[in-house]
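Sequence lines, in order, name chains A and E. If you read the first sequence in my numbering, its first letter stands for residue 1, the second for the next number, and so on. If you read the second sequence in my numbering, its first letter stands for residue 1, the second for the next number, and so on.
Treat the hints with care, as some may be off.
Because identical chains share one entry, a pair is satisfied inside a single copy or across any pair of copies.
No farther apart than 27 Å at their CA atoms in a straight line, the calculated lysine-lysine pairs in the DSSO-like style are these [as the list claims (entries may be wrong)]: (1) Lys282 x Lys328; (2) Lys82 x Lys282; (3) Lys376 x Lys288.
Source of the hints: derived by calculation from the structure; they are not laboratory data.
Here's the letter readout for the chains.
Number of protein chains: 2
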Amino acid sequence: MSDKFFLLETDSPDGARAGVLHTEHGEINTPAFMPVGTYGAVKSLSPDDLKNADTQIILGNAYHLYIRPGIETINRMGGLHKFIGWDQPILTDSGGYQVFSLAKMREIDDDGVTFRDHVDGTKHRFTPSMVMNVERTIGADIIMAFDDCAPYPSSLDYLSEAERRTASWAAVSKESFESSEPLYGYRQFLFGIVQGGTQKELREKSAEKIVSLDFDGYAVGGLAVGEPEDIMYELCEFNASLLPKDKPRYLMGVGRPVDLIECVARGIDMFDCVIPTRNGRKGTVYTKAGKLNLNNSTYKMDEDPIEADCSCSSCESFSKGYLRHLFKMNETLAGRAATIHNLHYFNALMSEMRKAIIEDKFNEFRDEFYLMRGNKK
Amino acid sequence: MSDKFFLLETDSPDGARAGVLHTEHGEINTPAFMPVGTYGAVKSLSPDDLKNADTQIILGNAYHLYIRPGIETINRMGGLHKFIGWDQPILTDSGGYQVFSLAKMREIDDDGVTFRDHVDGTKHRFTPSMVMNVERTIGADIIMAFDDCAPYPSSLDYLSEAERRTASWAAVSKESFESSEPLYGYRQFLFGIVQGGTQKELREKSAEKIVSLDFDGYAVGGLAVGEPEDIMYELCEFNASLLPKDKPRYLMGVGRPVDLIECVARGIDMFDCVIPTRNGRKGTVYTKAGKLNLNNSTYKMDEDPIEADCSCSSCESFSKGYLRHLFKMNETLAGRAATIHNLHYFNALMSEMRKAIIEDKFNEFRDEFYLMRGNKK
Numbered sequence: 001m002s003d004k005f006f007l008l009e010t011d012s013p014d015g016a017r018a019g020v021l022h023t024e025h026g027e028i029n030t031p032a033f034m035p036v037g038t039y040g041a042v043k044s045l046s047p048d049d050l051k052n053a054d055t056q057i058i059l060g061n062a063y064h065l066y067i068r069p070g071i072e073t074i075n076r077m078g079g080l081h082k083f084i085g086w087d088q089p090i091l092t093d094s095g096g097y098q099v100f101s102l103a104k105m106r107e108i109d110d111d112g113v114t115f116r117d118h119v120d121g122t123k124h125r126f127t128p129s130m131v132m133n134v135e136r137t138i139g140a141d142i143i144m145a146f147d148d149c150a151p152y153p154s155s156l157d158y159l160s161e162a163e164r165r166t167a168s169w170a171a172v173s174k175e176s177f178e179s180s181e182p183l184y185g186y187r188q189f190l191f192g193i194v195q196g197g198t199q200k201e202l203r204e205k206s207a208e209k210i211v212s213l214d215f216d217g218y219a220v221g222g223l224a225v226g227e228p229e230d231i232m233y234e235l236c237e238f239n240a241s242l243l244p245k246d247k248p249r250y251l252m253g254v255g256r257p258v259d260l261i262e263c264v265a266r267g268i269d270m271f272d273c274v275i276p277t278r279n280g281r282k283g284t285v286y287t288k289a290g291k292l293n294l295n296n297s298t299y300k301m302d303e304d305p306i307e308a309d310c311s312c313s314s315c316e317s318f319s320k321g322y323l324r325h326l327f328k329m330n331e332t333l334a335g336r337a338a339t340i341h342n343l344h345y346f347n348a349l350m351s352e353m354r355k356a357i358i359e360d361k362f363n364e365f366r367d368e369f370y371l372m373r374g375n376k377k
Numbered sequence: 001m002s003d004k005f006f007l008l009e010t011d012s013p014d015g016a017r018a019g020v021l022h023t024e025h026g027e028i029n030t031p032a033f034m035p036v037g038t039y040g041a042v043k044s045l046s047p048d049d050l051k052n053a054d055t056q057i058i059l060g061n062a063y064h065l066y067i068r069p070g071i072e073t074i075n076r077m078g079g080l081h082k083f084i085g086w087d088q089p090i091l092t093d094s095g096g097y098q099v100f101s102l103a104k105m106r107e108i109d110d111d112g113v114t115f116r117d118h119v120d121g122t123k124h125r126f127t128p129s130m131v132m133n134v135e136r137t138i139g140a141d142i143i144m145a146f147d148d149c150a151p152y153p154s155s156l157d158y159l160s161e162a163e164r165r166t167a168s169w170a171a172v173s174k175e176s177f178e179s180s181e182p183l184y185g186y187r188q189f190l191f192g193i194v195q196g197g198t199q200k201e202l203r204e205k206s207a208e209k210i211v212s213l214d215f216d217g218y219a220v221g222g223l224a225v226g227e228p229e230d231i232m233y234e235l236c237e238f239n240a241s242l243l244p245k246d247k248p249r250y251l252m253g254v255g256r257p258v259d260l261i262e263c264v265a266r267g268i269d270m271f272d273c274v275i276p277t278r279n280g281r282k283g284t285v286y287t288k289a290g291k292l293n294l295n296n297s298t299y300k301m302d303e304d305p306i307e308a309d310c311s312c313s314s315c316e317s318f319s320k321g322y323l324r325h326l327f328k329m330n331e332t333l334a335g336r337a338a339t340i341h342n343l344h345y346f347n348a349l350m351s352e353m354r355k356a357i358i359e360d361k362f363n364e365f366r367d368e369f370y371l372m373r374g375n376k377k
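With the sequences and hints as input, model every part of the structure.
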């Protein structure tokens, strides 16, 4: 993808990067955050809500979409963009993580995984080439190779096996991808995933094999699965240093605002996480001063918006007092309004980091970020 | 309210009417439909969604708002309009119906009702003057007198008692209203409610007493509580004929599209009902050809919107196939999209009736309405 990804500025040789990734559904300015729309909808939001929150790209999940509504439906409806009414970029995760975390009775062999789904226990088999076909049919702009994502903690033996399978499946994925065509008239990019858990030697081995296959971009997988924060940061930095500079780097499943800052500082360009959406639906909202819980009785008669200088539609329309009332009444408008605010906050954070990197002020931005939160994480 | 309500056209001496009601939060073109926002939010919708669906006025409930968030909160937040971020007209029901249908262990006496609420069983006492204070504090543009709404079926004795109490409470309500001032700088209108169940003599007696108190408008209460449709229509027509022509007439708790047409034909100007919102959240949507259920597997791969020539934001954005998928996944966007469509349909129906009345074509409109549905109700 070096013809489609341009690095505009780097903070330091191994530090924060600002870039732009060109897809046929529009540009993605990096660093970028991708809200999670597992089943083809970011929970509680419409496409217009997503755009109002300055969302550049959303993430869908091949595992979930394969099960419901199924790829025949998505194909008949003209692909995922058309099906869900979203004309900006989409990335699909391959389902590797979900097969290992959600599915039941899975049997892994060197060619793929046989499992029963989490919905009604129907038996399925995922192989790397079959998953490429699923992701071609869904039609996201960026699709992920099928990987074996080990849980934390895992034995060295298990991590080693998972690394070996991930590399072998990556080769099959690449081959299937190259021998097939996109179905809906626009180019798809294929990203490879590096595994290796918390073992640096395995990460090194994995990165070498995956990078040698020459993907359009690279994901750091198997982190943020339960390991301590300092280990995650260390491995993120180590793994990023193993990846080519001219291609986008995606840290899967991360994270909190502080994680986004720390991992951008360590050379990551793209992130996805359910934190802003899932927490928003429960009443937790993010501000420059840290997070707050709108269910708290403190806000009962609070006439101020979530954040005074926030330009999101929720802060323009609603007080914390009204949002607290809506949360107490289980009105879905509450979760929607909090989600819009949180995505706006996350997207603004990425865009402010990008601006700081370009202006060569990333470290000052990071210091200021911590200062405003009273140095809390 | 004859200084604020103008009849533009009547279809026949006792028939359909087109008018306009001027409030300090804007005009209400009648006939008008009011979506129900019990707790200060029309379920699943934001104020912008309501406006996009051409909503003129929403209904809140004094009983529910008194219990949660409580009138002290609403007062401290500057009244209901400011609290919920809605700058168009609001009507509050007095809670008469709710005290009789939702509350527990109620004891009615001639001065009011003592009851335990449906949330945590706290004991409350509602009197007509106390309810006026509650509705002054909530601050809706139109507020309702506290009434005794008898269930269906009720004995003649019970209906007679309820009629007597309703009239006595209406007098106290009027007096309390006139001896108090609005709290937020804009005028409030007080509507009286006629009761009498299915007994014409009682309706006659009730209307005579209520009308003699000279309210700003009149509601037909105690219908659509379970009685057969033909009886409802007959009593609606009879009750409307007992009301002054120069004031707005509000049929409470009605109804289906067919009920709106039939009761506009019988001289009603205003309606409220949970049908478009509650049914929408469950997947039932209204079209010119009748209603349909989006959960039906027929729509799995349906690329068309709910209604081909509908201009609502849901029909502009989503196919029936995608909405069915969202309903299956319990995504709240589904209920929101269906609710927006339904309110748009209901509001358009009212506006088309209004246009037909003004053009002296109401009967043709009614015939055409039934023709398009294949003469189904």
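Hints, verified against the model:
1. When the C-alpha separation of lysine 282 and lysine 328 is checked against a cutoff of 27 Å, the pair qualifies both within a copy, at 11 Å, and between copies, at 22 Å.
2. Proximity of lysine 82 and lysine 282 under a CA criterion of 27 Å is satisfied inter-copy only: 24 Å between copies versus 30 Å inside one chain copy.
3. With identical chains, the CA atoms of lysine 376 and lysine 288 are at most 27 Å apart within one copy only, with a shortest distance of 11 Å there and 57 Å across copies.
In the structure shown, no violation is registered for any of the earlier numbered hints.
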